[in-house]
Amino acid sequence: MRFTKDHEWVIVEGDVATVGITAYAAEQLGDVVFVETPEAGKVVKQGEGLAVVESVKAASDVYAPVSGEVIEGNGELAGAPETVNALPESGGWFAKIKLANPAEVDALMDRDAYEAFLGTL
Amino acid sequence: MSSQDSSDQDLKKTPLYDAHVAAGARMVPFAGYSMPVQYKDGVLKEHLWTREHTGLFDVSHMGQARIRGENPAKSFEKVVSADYQGLKAGKQRYGVLLNADGGIVDDLMTARPDEDGLFVVVNGACKDNDYAIIARELAGEASVTRLEDCALLALQGPEAAAVLAAHVPEAAQMVFMDARALSAFGVDAIISRSGYTGEDGYEISVPADAAERVWNTLLADERVKPIGLGARDSLRLEAGLPLYGHDLDETVSPIEAGLNFAVGKSRREAGDYLGAARIGKELAGELSRVRVNLKVLEGAPAREGAEIADEAGNVIGKVTSGGFAPSLGVPIAIGFAPPAYAAVGTKLKVIVRGKPAAAEVVASPFVPNRYVRKL
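Chains A and B are the protein sequences, given in the same order. Heads up, the first sequence is in the UniProt record's numbering, so the first residue is 1 and it goes up one at a time. Heads up, the second sequence is in the UniProt record's numbering, so the first residue is 1 and it goes up one at a time.
Next comes chain A alone, as it looks inside the complex (with noise of 0.2 Å):
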């Protein structure tokens, strides 16, 4: 698992990766009542808007850890936005996205440099 400063995380397996948020910022964000998960077939640049995320009181962006095409978004958390707060870094997860330049993961934070980072939060 990769991870950014804005607090996405990232799984590849093949030439796929899975994107979510952390723990830390599911549990910043509050209670989440709605996500707006991105359709396939769309095609995002590295920090570009992917996914919007709503807790009770604001709505926070969601911006894409990796370039690519976007293959498939998590339709699941339309019924069950809950699951962002309950399982971040594994059934919550937002969008797989075909990666479109693998160098952009190798240079994202690994676990141990994430905490680190958190830390200075």
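Keep in mind that the hints were calculated from the coordinates and are not lab data. It should be emphasised that the depicted structure is a prediction, and the values quoted were computed from it without experimental measurement. Among the hints, erroneous ones may be present.
Unchecked claim - The list that follows gives simulated cross-link-like pairs (lysine to aspartate or glutamate, EDC-like), each with its CA atoms no further than 16 Å apart:
#, chain 1, residue 1, chain 2, residue 2
1, A, Lys5, A, Asp61
2, B, Lys295, B, Glu222
3, A, Lys98, A, Glu13
4, B, Lys355, A, Glu39
5, B, Lys12, B, Glu170
6, B, Lys45, A, Asp61
7, B, Lys45, A, Asp110
8, B, Lys355, B, Glu282
9, B, Lys295, B, Glu311
10, B, Lys40, A, Glu27
With chain A fixed as given, assemble chain B onto it according to the hints.
Chain B only, in chain A's frame:
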């Protein structure tokens, strides 16, 4: 994910700041203060707890003041729309501070809890401006004295009356909008049966040095939990209560905002308040926009700034506050639209991130209030 952390330098602290931090609150900047937005349970649970049991809120950021003078109510009426000369001892009334154009400078609660003039509670973010305006308008007739050394607690929820009566038996004898100066928790307090959640409850003003003791005494009751500003906002939204700086501002009149009751009958007849020309016309039906309450029937919550459109997609207004209603399980919003679109049942759209979603005009409040008007 984007985050919105901000520095807490220069933020003021209420007398309950340490108690919030000790209780695990997440503190955020609000109205110049560092305030608890939520505690450990989170906004959703805190909201539902208040509706089912009782929540305790620190609202000490709000401004508390005394207006004193020969006839303080008469002087105060020059700038505020409500009928305060007709306000009976022991009662409180909602009013709006007006500008010369009939726009709302702030909304406020004014009580006559004792013989010591009027007791006024104003919004925290507006208080400096409010006091300056009131002092200027009342110069030579009445004085404004800030009660800087007081805290304000709100105890809200269906069990609030039973909780408070255990400490302050007189509280049980009060009804909605009663306000009394009395001895409570061993100090001089001002207690009103009112609040901002749509629930039965009380606002309790106590000296700052007693605040933490009163806070902890109330929290010792297992029916009571501390509730942050996040749930306070979702509760007030469900209660259909407009919020200054969002639903109300200097361009909005009390009639547009559906606050006709805040312009007293005697005041309408006399027309002796700032902005009376505009407000008189609006009371006669000349209105270009009015407040609407919307239930969003699909998709994401429509937040402040989202456009409101008719069924054909023509933009007709704007959402001024909105979010998810925990008690209803759907997004709701308050906004403004022309009167032709304001009837309950009117089908509209809200445009969230470019996507139109179905919405419907519903009655206010969204969640029925539980004020105790008779014992």
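Holds or violated: Lys295 of chain B with Glu222 of chain B, Cα cutoff 16 Å?
-> Status violated; Cα separation ~34 Å.
Proposed proximity, Glu27 of chain A with Lys40 of chain B (alpha carbon, max 16 Å) = Holds, at roughly 10 Å.
Within a Cα-Cα threshold of 16 Å, do Lys355 of chain B and Glu282 of chain B meet the stated pairing?
-> violated (34 Å)
Below or equal to 16 Å on CA atoms is what counts here, so check Lys12 of chain B against Glu170 of chain B.
-> violated (33 Å)
Would you check the hint for Lys45 of chain B and Asp110 of chain A, treating anything up to 16 Å between C-alpha atoms as holding?
-> Violated, at about 34 Å.
Going straight from one Cα to the other, do Lys295 of chain B and Glu311 of chain B come out at no more than 16 Å?
-> holds (15 Å)
Regarding the pair Lys45 of chain B and Asp61 of chain A, is the alpha-carbon distance no greater than 16 Å?
-> Violated. Lys45 of chain B to Asp61 of chain A sits at ~24 Å, over the 16 Å cutoff.
Restraint check for Lys5 of chain A with Asp61 of chain A, where alpha carbons must lie at most 16 Å apart | holds (14 Å)
Take a quick look at whether Lys98 of chain A and Glu13 of chain A sit within 16 Å of each other, Cα to Cα.
-> Status holds; Cα separation ~10 Å.
Between Lys355 of chain B and Glu39 of chain A, is the straight-line Cα distance small enough, at 16 Å or below?
-> At roughly 14 Å apart (the allowed maximum being 16 Å), Glu39 of chain A and Lys355 of chain B satisfy the hint.
Checked against the numbered hints given earlier, this structure breaks hints 2, 5, 6, 7, 8; the rest are met.
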